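Chain order of the listed sequences is S and F.
The opening position of the first sequence corresponds to residue 17 in this note's numbering, with each subsequent residue numbered one higher.
The opening position of the second sequence corresponds to residue 6 in this note's numbering, with each subsequent residue numbered one higher.
In case anyone wonders, no lab produced these hints; they're calculated from the structure.
Model, not experiment: these values are computed from the prediction.
Glycine included, every Cβ here is placed at the ideal spot set by N, Cα and C.
Treat the hints with caution; some may be incorrect.
As the list claims (entries may be wrong) - Chain S residues, not near chain F, derived (Cβ > 10 Å throughout):
{"#": "1", "residue": "20"}
{"#": "2", "residue": "26"}
{"#": "3", "residue": "60"}
{"#": "4", "residue": "73"}
{"#": "5", "residue": "77"}
{"#": "6", "residue": "94"}
{"#": "7", "residue": "100"}
{"#": "8", "residue": "119"}
{"#": "9", "residue": "137"}
{"#": "10", "residue": "158"}
{"#": "11", "residue": "159"}
{"#": "12", "residue": "175"}
{"#": "13", "residue": "217"}
{"#": "14", "residue": "237"}
{"#": "15", "residue": "257"}
Claimed, not checked - The calculated SDA-like cross-link candidates involving lysine to any residue, where the alpha carbons are at most 25 Å apart (straight line), are:
{"#": "16", "chain 1": "F", "residue 1": "11", "chain 2": "S", "residue 2": "138"}
{"#": "17", "chain 1": "F", "residue 1": "11", "chain 2": "S", "residue 2": "250"}
{"#": "18", "chain 1": "F", "residue 1": "11", "chain 2": "S", "residue 2": "212"}
{"#": "19", "chain 1": "F", "residue 1": "11", "chain 2": "S", "residue 2": "256"}
{"#": "20", "chain 1": "F", "residue 1": "11", "chain 2": "S", "residue 2": "57"}
{"#": "21", "chain 1": "F", "residue 1": "11", "chain 2": "S", "residue 2": "56"}
{"#": "22", "chain 1": "F", "residue 1": "57", "chain 2": "S", "residue 2": "250"}
{"#": "23", "chain 1": "F", "residue 1": "11", "chain 2": "S", "residue 2": "254"}
{"#": "24", "chain 1": "F", "residue 1": "57", "chain 2": "S", "residue 2": "254"}
{"#": "25", "chain 1": "F", "residue 1": "11", "chain 2": "S", "residue 2": "61"}
{"#": "26", "chain 1": "F", "residue 1": "11", "chain 2": "F", "residue 2": "29"}
{"#": "27", "chain 1": "F", "residue 1": "11", "chain 2": "S", "residue 2": "122"}
{"#": "28", "chain 1": "F", "residue 1": "11", "chain 2": "S", "residue 2": "137"}
{"#": "29", "chain 1": "F", "residue 1": "11", "chain 2": "S", "residue 2": "60"}
{"#": "30", "chain 1": "F", "residue 1": "57", "chain 2": "S", "residue 2": "60"}
If you want the building blocks of each chain, they are given just below.
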Amino acid sequence: MSLWEYANPARFMVLSARIVPVSGGLAALCLVVGLVWGFFLTPDDYRQGSTVKIIYLHVPAAMLAINAWVMMLVASLIWLIRRHHVSALAARAAGPVGIVMTLIALVTGAFWGQPMWGTWWAWDPRLTSFLILFLFYLGYIALWAAIEDPDTAADLTSILCLVGSVFAVLSRYAVNFWNQGLHQGASLSLDKEKNVADVFYFPLLVCIAGFVLLFVTLVLVRTQTEIRARRLHALNLRARMG
Amino acid sequence: MPDLGKYAVSVLSAYGATFVLLACLVIWTIWRARRVARRLAEAELDMTNQRKRPRG
Numbered sequence: 017m018s019l020w021e022y023a024n025p026a027r028f029m030v031l032s033a034r035i036v037p038v039s040g041g042l043a044a045l046c047l048v049v050g051l052v053w054g055f056f057l058t059p060d061d062y063r064q065g066s067t068v069k070i071i072y073l074h075v076p077a078a079m080l081a082i083n084a085w086v087m088m089l090v091a092s093l094i095w096l097i098r099r100h101h102v103s104a105l106a107a108r109a110a111g112p113v114g115i116v117m118t119l120i121a122l123v124t125g126a127f128w129g130q131p132m133w134g135t136w137w138a139w140d141p142r143l144t145s146f147l148i149l150f151l152f153y154l155g156y157i158a159l160w161a162a163i164e165d166p167d168t169a170a171d172l173t174s175i176l177c178l179v180g181s182v183f184a185v186l187s188r189y190a191v192n193f194w195n196q197g198l199h200q201g202a203s204l205s206l207d208k209e210k211n212v213a214d215v216f217y218f219p220l221l222v223c224i225a226g227f228v229l230l231f232v233t234l235v236l237v238r239t240q241t242e243i244r245a246r247r248l249h250a251l252n253l254r255a256r257m258g
Numbered sequence: 006m007p008d009l010g011k012y013a014v015s016v017l018s019a020y021g022a023t024f025v026l027l028a029c030l031v032i033w034t035i036w037r038a039r040r041v042a043r044r045l046a047e048a049e050l051d052m053t054n055q056r057k058r059p060r061g
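Just chain F, with the same shape it has in the complex (with noise of 0.2 Å):
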């Protein structure tokens, strides 16, 4: 770990408050990507199903 001598807490802080805000964007990101991927796949596989079924 570098000296960072008086400034340690603002780059400490400029650091950490970069790093939570990138990582909320990326776990948001890939979390909302999954959602939807599974949504849509049980909303096609309930049209497919719908298709099958005999009329009447």
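Just chain S, with the same shape it has in the complex (with noise of 0.2 Å):
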């Protein structure tokens, strides 16, 4: 069976409504273990204090900001070449969860520079690559709200998140780019030296896994209510044309 034939509508919804119920439900216990673990059983960092218990919620919710930009660039191109209504359905559902995350990343972010940096924000260069991302994720769901044509409002959103992924590559190696500002490189590294130490990662790794099976839930559920709005829609057009 070909990939493309879960593009149908109505084997998604079938394929999405067994996978809804075991994604959902590993994403709560690995988000219970992970931040349970993280929390109470961990140690203070020796220079970060107990500021880095917010390592288990600010590094994942930045991963899946930027990646869930990175699936709607997928969906979108799909959408583009291929027109497949399903990717430019899933893509739309990718927006509210990834601008949540990213507003996480900031908050938590904000929350750790305090005590750690002086400052609740700076214009470093991952933290403004990171607040044009949320801007670029306003202005995604802002455009798709505003078209009534869904398919003008797919082909343009498609347009905007082609260009917003550059925001996106830059958000994940402005540090490395521009190598200055405040904020550190990459917590996670194939590097042993570079990686935060064990008894961190590990719960770390457990929420990651939590924070992307929820996304995934997230997003099967609100592409399921797309396509369902979506023959919402045309009834109510064909009801209204008699």
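Assemble the dimeric complex from its two separately framed chains, guided by the hints.
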């Protein structure tokens, strides 16, 4: 069976209805285990004290803020190239989830930055590119809401998504490009020297898994809703035309 | 409860804000999913009834 067969809304609804209970349950399990492990059972950092516990929220949310946009980019490209409606609706569904993840990353970053840097906010390359990514999410959601014709809305939001991808990449690599500012480098690295200590690393991995599964669950449910909303729109139009 | 020391307010605020934002997102998603599903079911029922109704 080809992957493209799942672009059929009926097949997507059947498959996603099977996945959602499993992914939702696993998300809840991973989040509870990861956050309880990280918050209650890990020690303070020798430099950052107890603020290190914010890592279990900040890093997964920041990762998802960027990767949600990447997922929207892939779905938008599929829409632009192959005109599969489910992909356009999946991109639309991911927007609000992505913006909440970006907001969590910004807010938890401010609560972490205040005691560590002495300021809630700095015009640092990574923070600034994240703020611009947040504004792109706002624009993307507003554009979907502003255009009545769904295909035109999908076309224009896909173009916006392509443009915004520059900032999604920048917010990931800004620290490496400019090598300045307050924000540290990536917390997770294949280089053991640069990676966070194992005592923080393993609960962090569980939290990341929980956030990813929560994202998958929410995007699937929201895509189902968008498919139903489009069918409802079509039925209303038909009823109005008699 | 672990001793969070002088950073307790920062840590607890970060957790509190995250839980509120995630809860709002989950509740909004479920509420909208149910509302749209119910409206679609009603619209499909209306359409079925219209088809059954004799013309003229």
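We went through each hint and held it up to the structure:
| no. | hint | result |
| --- | --- | --- |
| 1 | 20 | holds (25 Å) |
| 2 | 26 | holds (14 Å) |
| 3 | 60 | violated (8 Å) |
| 4 | 73 | violated (5 Å) |
| 5 | 77 | violated (7 Å) |
| 6 | 94 | holds (23 Å) |
| 7 | 100 | holds (21 Å) |
| 8 | 119 | violated (6 Å) |
| 9 | 137 | holds (14 Å) |
| 10 | 158 | holds (17 Å) |
| 11 | 159 | holds (19 Å) |
| 12 | 175 | holds (26 Å) |
| 13 | 217 | holds (19 Å) |
| 14 | 237 | violated (5 Å) |
| 15 | 257 | holds (13 Å) |
| 16 | F:11 with S:138 | holds (22 Å) |
| 17 | F:11 with S:250 | violated (58 Å) |
| 18 | F:11 with S:212 | holds (23 Å) |
| 19 | F:11 with S:256 | violated (63 Å) |
| 20 | F:11 with S:57 | holds (19 Å) |
| 21 | F:11 with S:56 | holds (17 Å) |
| 22 | F:57 with S:250 | holds (20 Å) |
| 23 | F:11 with S:254 | violated (63 Å) |
| 24 | F:57 with S:254 | holds (16 Å) |
| 25 | F:11 with S:61 | holds (14 Å) |
| 26 | F:11 with F:29 | violated (29 Å) |
| 27 | F:11 with S:122 | holds (22 Å) |
| 28 | F:11 with S:137 | holds (20 Å) |
| 29 | F:11 with S:60 | holds (12 Å) |
| 30 | F:57 with S:60 | violated (70 Å) |
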